[in-house]
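Protein chains: 2
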Amino acid sequence: MNSSSVKIVLAQLNYVVGDIEGNCKKILDAYKQAKDEPVLLICSELAITGYYPQDLVSKESVLNRQDEALKLLADETNGNSAGIVVGYLARNRKPTGKRLFNALALLSNGEQVFEYHKRLLPTYNIFDEARHFSPGTNQGVFKWNGQRLGFLICEDAWADSDSLKYAQDPVVDLKHHPFDLVISINASPNNLGKMQQRIEVIKKVVDATKAPVVYLNQVGGNDELVFDGASFVMNTDEEVVYQLKSFEEDVAEIDVEEVEQTTVPNYMTDGEIILKQTVLGIRDYVRKCGFSKVVIGSSGGIDSAVTLAICAEALGGENVVAITMPSKYSSEGSVGDSVTLCKNLGVDLLNAPIAEEFELAVKRFELMSGEKPSGLTQENIQARIRGRILMEYSNHFGALVISTGNKSEMSVGYATLYGDMNGGINPLGDLYKMEVYALAKHLNETAGKELIPNVIIEKAPSAELSEDQVDSDSLPEYPLLDAILKLYIEGDLLDSSQAKQCHEVIAKFAATEQDIQRIHGMVDRAEFKRRQAPPIIRVQKRSFGMGRWLPVAAKY
Amino acid sequence: MNSSSVKIVLAQLNYVVGDIEGNCKKILDAYKQAKDEPVLLICSELAITGYYPQDLVSKESVLNRQDEALKLLADETNGNSAGIVVGYLARNRKPTGKRLFNALALLSNGEQVFEYHKRLLPTYNIFDEARHFSPGTNQGVFKWNGQRLGFLICEDAWADSDSLKYAQDPVVDLKHHPFDLVISINASPNNLGKMQQRIEVIKKVVDATKAPVVYLNQVGGNDELVFDGASFVMNTDEEVVYQLKSFEEDVAEIDVEEVEQTTVPNYMTDGEIILKQTVLGIRDYVRKCGFSKVVIGSSGGIDSAVTLAICAEALGGENVVAITMPSKYSSEGSVGDSVTLCKNLGVDLLNAPIAEEFELAVKRFELMSGEKPSGLTQENIQARIRGRILMEYSNHFGALVISTGNKSEMSVGYATLYGDMNGGINPLGDLYKMEVYALAKHLNETAGKELIPNVIIEKAPSAELSEDQVDSDSLPEYPLLDAILKLYIEGDLLDSSQAKQCHEVIAKFAATEQDIQRIHGMVDRAEFKRRQAPPIIRVQKRSFGMGRWLPVAAKY
Numbered sequence: 000m001n002s003s004s005v006k007i008v009l010a011q012l013n014y015v016v017g018d019i020e021g022n023c024k025k026i027l028d029a030y031k032q033a034k035d036e037p038v039l040l041i042c043s044e045l046a047i048t049g050y051y052p053q054d055l056v057s058k059e060s061v062l063n064r065q066d067e068a069l070k071l072l073a074d075e076t077n078g079n080s081a082g083i084v085v086g087y088l089a090r091n092r093k094p095t096g097k098r099l100f101n102a103l104a105l106l107s108n109g110e111q112v113f114e115y116h117k118r119l120l121p122t123y124n125i126f127d128e129a130r131h132f133s134p135g136t137n138q139g140v141f142k143w144n145g146q147r148l149g150f151l152i153c154e155d156a157w158a159d160s161d162s163l164k165y166a167q168d169p170v171v172d173l174k175h176h177p178f179d180l181v182i183s184i185n186a187s188p189n190n191l192g193k194m195q196q197r198i199e200v201i202k203k204v205v206d207a208t209k210a211p212v213v214y215l216n217q218v219g220g221n222d223e224l225v226f227d228g229a230s231f232v233m234n235t236d237e238e239v240v241y242q243l244k245s246f247e248e249d250v251a252e253i254d255v256e257e258v259e260q261t262t263v264p265n266y267m268t269d270g271e272i273i274l275k276q277t278v279l280g281i282r283d284y285v286r287k288c289g290f291s292k293v294v295i296g297s298s299g300g301i302d303s304a305v306t307l308a309i310c311a312e313a314l315g316g317e318n319v320v321a322i323t324m325p326s327k328y329s330s331e332g333s334v335g336d337s338v339t340l341c342k343n344l345g346v347d348l349l350n351a352p353i354a355e356e357f358e359l360a361v362k363r364f365e366l367m368s369g370e371k372p373s374g375l376t377q378e379n380i381q382a383r384i385r386g387r388i389l390m391e392y393s394n395h396f397g398a399l400v401i402s403t404g405n406k407s408e409m410s411v412g413y414a415t416l417y418g419d420m421n422g423g424i425n426p427l428g429d430l431y432k433m434e435v436y437a438l439a440k441h442l443n444e445t446a447g448k449e450l451i452p453n454v455i456i457e458k459a460p461s462a463e464l465s466e467d468q469v470d471s472d473s474l475p476e477y478p479l480l481d482a483i484l485k486l487y488i489e490g491d492l493l494d495s496s497q498a499k500q501c502h503e504v505i506a507k508f509a510a511t512e513q514d515i516q517r518i519h520g521m522v523d524r525a526e527f528k529r530r531q532a533p534p535i536i537r538v539q540k541r542s543f544g545m546g547r548w549l550p551v552a553a554k555y
Numbered sequence: 000m001n002s003s004s005v006k007i008v009l010a011q012l013n014y015v016v017g018d019i020e021g022n023c024k025k026i027l028d029a030y031k032q033a034k035d036e037p038v039l040l041i042c043s044e045l046a047i048t049g050y051y052p053q054d055l056v057s058k059e060s061v062l063n064r065q066d067e068a069l070k071l072l073a074d075e076t077n078g079n080s081a082g083i084v085v086g087y088l089a090r091n092r093k094p095t096g097k098r099l100f101n102a103l104a105l106l107s108n109g110e111q112v113f114e115y116h117k118r119l120l121p122t123y124n125i126f127d128e129a130r131h132f133s134p135g136t137n138q139g140v141f142k143w144n145g146q147r148l149g150f151l152i153c154e155d156a157w158a159d160s161d162s163l164k165y166a167q168d169p170v171v172d173l174k175h176h177p178f179d180l181v182i183s184i185n186a187s188p189n190n191l192g193k194m195q196q197r198i199e200v201i202k203k204v205v206d207a208t209k210a211p212v213v214y215l216n217q218v219g220g221n222d223e224l225v226f227d228g229a230s231f232v233m234n235t236d237e238e239v240v241y242q243l244k245s246f247e248e249d250v251a252e253i254d255v256e257e258v259e260q261t262t263v264p265n266y267m268t269d270g271e272i273i274l275k276q277t278v279l280g281i282r283d284y285v286r287k288c289g290f291s292k293v294v295i296g297s298s299g300g301i302d303s304a305v306t307l308a309i310c311a312e313a314l315g316g317e318n319v320v321a322i323t324m325p326s327k328y329s330s331e332g333s334v335g336d337s338v339t340l341c342k343n344l345g346v347d348l349l350n351a352p353i354a355e356e357f358e359l360a361v362k363r364f365e366l367m368s369g370e371k372p373s374g375l376t377q378e379n380i381q382a383r384i385r386g387r388i389l390m391e392y393s394n395h396f397g398a399l400v401i402s403t404g405n406k407s408e409m410s411v412g413y414a415t416l417y418g419d420m421n422g423g424i425n426p427l428g429d430l431y432k433m434e435v436y437a438l439a440k441h442l443n444e445t446a447g448k449e450l451i452p453n454v455i456i457e458k459a460p461s462a463e464l465s466e467d468q469v470d471s472d473s474l475p476e477y478p479l480l481d482a483i484l485k486l487y488i489e490g491d492l493l494d495s496s497q498a499k500q501c502h503e504v505i506a507k508f509a510a511t512e513q514d515i516q517r518i519h520g521m522v523d524r525a526e527f528k529r530r531q532a533p534p535i536i537r538v539q540k541r542s543f544g545m546g547r548w549l550p551v552a553a554k555y
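Chains as they are written, first to last, in numbering that gives the first Met the number 0: chain A, 0 to 555; chain B, 0 to 555.
Be a bit skeptical, because a hint or two may be false.
Identical copies carry no separate label here, and so any pair may be met within one copy or between two of them.
Said to hold, decoys possible - In silico DSSO-like pairs for lysine-lysine, Cα to Cα no more than 30 Å straight-line:
#1 Lys58 / Lys174
#2 Lys97 / Lys499
#3 Lys58 / Lys499
#4 Lys70 / Lys174
Rather than coming from a laboratory, the hints here were simulated on the basis of the structure.
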């Protein structure tokens with residue numbers, strides 16, 4: 000073996016957060032492929048606990064179990080020539096600072112021979128690592144088995160690449176070392192455009208270190224976040240020479256020096272990414288929560304149709320149940336279109352008309368208060384009876400309710416709390432209405448048939464909670480609404496170039512400054528609903544949930 | 000005027016987060032008391048935006064409005080001898096790091112004459128300042144009007160006082176300066192035991208600086224957090240010589256040198272604190288959200304009784320509506336006890352029996368699924384019909400629903416999502432069941448009469464959702480449950496002394512290790528419910544909500 004040739008096994012695995020023993024077993028299974036060769040098994044950031052363990056890192060029991068797992072992995076390297084690189088929680092022995100590091104271990108010949116601490120701790124958007132970790136202060140440089148290795152953990156390579164510019168740059172600090180290989184272990188949640196960013200970031204690492212770089216990511220859905228894997232190796236010509244699968248577990252052994260054929264990075268279309276991301280996000284959330292079946296209200300509209308299709312793709316149609324719950328305001332198509340859709344998807348459809356319960360609720364309200372419930376009250380009564388029926392099914396049959404609200408609705412609060420917002424998780428909550436339509440078309444194209452009936456895609460959007468109601472009675476048309484929302488929610492709000500983009504939207508849609516102010520106000524006032532919404536599957540850079548933290552009782 | 004004598008006006012104000020113009024007006028009103036004297040008006044940390052503005056700090060418009068407010072305040076100091084010390088968001092002009100500082104301005108003679116940046120940024124529990132701010136690097140030392148002043152912002156004084164030990168200590172750095180006065184501006188949310196901690200912390204500041212210290216806090220409820228004010232002045236003998244009111248706005252002018260009489264810090268009993276904290280928290284949340292009335296389900300049990308009493312105290316009985324919603328499982332006392340209670344509190348009581356709707360829901364479930372709903376399903380149907388009735392009232396009459404779940408229930412998930420958990424805010428969510436009983440007794444003692452009927456305090460706790468049901472059918476007795484929960488939830492989980500305390504609980508209650516594991520498991524599995532729960536008023540150090548961040552789809 001050439002001393003500058005490095006053999007590695009890339010272990011791109013799907014971890015359950017906190018399941019230390021289960022995650023450790025996965026790593027050991029991958030290690031079996033590496034045994035008895037001078038190769039390095041490379042696992043992702045915080046692989047042993049899964050990323051992100053959040054406040055679980057404060058549990059003594061979690062740390063103790065993790066110590067045992069690390070020892071078990073080290074023991075496994077005893078008496079053979081293969082090593083393991085793995086991310087874990089390391090204790091900070093200094094008297095000051097946070098008591099943990101986000102760390103990397105190199106295990107070899109039965110011992111931990113090297114320890115590196117992540118230096119840049121992302122604390123913005125969905126990340127909150129300064130809450131738990133002290134920053135590392137040493138460089139990631141180590142010689143193993145004659146190989147000169149450099150190490151980075153995720154954000155370490157992003158000192159100058161995202162909205163925040165750090166005061167130090169671990170990549171620049173590696174500049175003057177000669178390396179055979181630089182290993183970057185990551186837990187990089189995917190969002191639209193992320194792969195392109197990663198390639199640019201790793202090109203800068205190659206440029207600085209003049210070495211090939213392995214970028215290793217975890218895969219799978221953990222609550223809101225979906226990790227897409229797509230781990231890759233980049234050569235010194237800044238070309239990708241190898242890439243693992245996207246959105247799937249994958250383990251592969253390669254010789255970095257011998258891989259010569261370059262490959263195009265897996266830049267999927269937005270449509271492909273959205274479909275894969277929501278499908279994997281739903282599948283993992285449902286299974287990691289211990290469920291196998293889900294239940295969804297089917298209104299005959301676009302949102303529930305797409306949600307049903309995603310869940311059928313994720314779990315198999317036989318594990319999905321739809322319930323149609325018509326009222327006197329439901330259109331003729333409401334039930335009929337649901338029937339066709341569910342037949343296409345192989346999904347059982349139950350029928351639970353709500354007219355009787357609605358009338359009884361209205362009568363009881365009048366008895367209680369002496370008044371007839373207002374229009375809005377009546378609309379919400381219907382949504383809440385439906386939400387309860389889904390929960391009844393869930394409680395009795397053990398199926399998880401999946402919520403169907405899209406990002407446009409969640410933005411402006413066009414949804415009923417404790418009604419159609421009910422559910423354990425929401426796959427469409429990070430997709431604006433026009434993106435839901437695009438996803439429906441993409442689903443049909445991928446299937447090569449009319450999986451979602453065109454009549455559902457083409458009908459005017461309506462909540463069907465009052466006579467002849469359509470969404471445009473209460474909201475601007477969706478193309479305009481979505482354009483304004485995207486600027487307000489996705490935009491970096493400190494960037495004053497927003498004003499220019501706002502003017503472009505106003506011009507394009509013949510809108511007014513008042514339209515914009517009205518929509519901003521609706522977004523601000525709906526914060527109380529989002530505070531109690533189920534987690535959504537994150538798809539875009541700025542999603543509702545853990546990455547967006549705003550007060551409720553406020554005035555702004 | 001003696002050159003070492005410092006006159007100050009303490010402005011302990013109740014800010015609305017984000018309401019820059021309103022907050023600025025409050026400061027100006029307080030400044031009127033200071034005008035035309037060589038005094039310093041002292042306002043709290045981030046007074047102009049209110050604490051904590053969260054991601055609002057990323058809005059360019061918020062920063063611009065704040066710049067204007069700061070200029071307005073500075074202009075006001077033009078031509079008179081009174082200055083203003085005020086907390087605000089300062090822009091970081093350096094090319095790296097977070098783009099803002101948590102800052103203090105000294106305004107005098109029409110200008111900002113001094114700027115100080117908070118050096119220790121709390122990022123644990125309910126705090127997340129590293130998300131938004133760069134740490135300051137300069138010392139808080141400035142001479143104004145002949146006075147040698149030292150400055151600290153909140154956490155700056157806590158380098159060695161809480162669970163985290165910082166690597167630097169701004170108080171120690173002030174040690175070698177001679178000061179006439181040290182000014183600490185704060186936004187310190189209250190919890191049980193906090194006042195004692197503050198006194199100890201400020202004693203250390205006096206000890207280091209050999210100067211009197213002004214500790215200035217904001218007051219009022221902002222979402223989960225309640226700030227108690229209780230600002231004080233400590234002399235060089237480490238005695239409190241002046242204290243503002245607790246849980247109220249208060250503005251007072253004093254001469255630090257001339258205040259000679261020492262005073263006992265306002266160490267209230269836990270009962271007093273809990274009552275004041277929940278009352279102010281509810282009052283401010285309701286009003287700052289733009290509501291004047293609230294509606295609460297009255298079951299005849301202890302939790303709803305205490306919630307009603309707190310709301311009546313906070314808003315006046317005439318602004319509180321109770322609804323009794325008996326079912327066939329309700330005890331005789333359920334309605335009768337609610338009637339007595341509401342009469343005592345001056346609260347209107349409406350009656351909405353749910354039997355008919357419940358029966359219809361059961362019948363419809365059978366038609367839909369061919370099965371009779373399980374016991375748990377039937378229990379949840381009742382809770383969700385009741386939750387919907389409260390929301391109907393809310394939608395129609397514009398009253399905010401107040402949730403009534405206590406911390407014991409919220410811990411183990413003994414509550415129905417989208418049912419009795421419904422509400423905009425929950426005042427009891429940080430009180431264990433035994434603490435709710437204690438609060439009931441305290442309310443009656445304070446009132447000097449049986450405000451909450453003793454029969455409510457004495458009856459066996461029951462959800463009354465099935466025949467002869469009592470809580471102890473499903474849960475351990477509350478004294479044992481609460482003891483185990485307190486250790487698991489309040490404890491610092493990295494502290495292995497927990498094991499010893501656990502053994503004490505086991506011995507005291509003749510419990511077993513299995514009891515403890517069972518309860519821990521219930522807490523862990525209920526995370527999905529708490530994720531969608533309304534905000535709770537924080538009372539203890541470790542509350543559910545923003546200060547506790549755990550994954551849902553996890554195994555630990």
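Hint check against the structure, violated hint numbers in rising order: As far as the earlier hints go, 1, 4 are violated by this structure, in ascending order.
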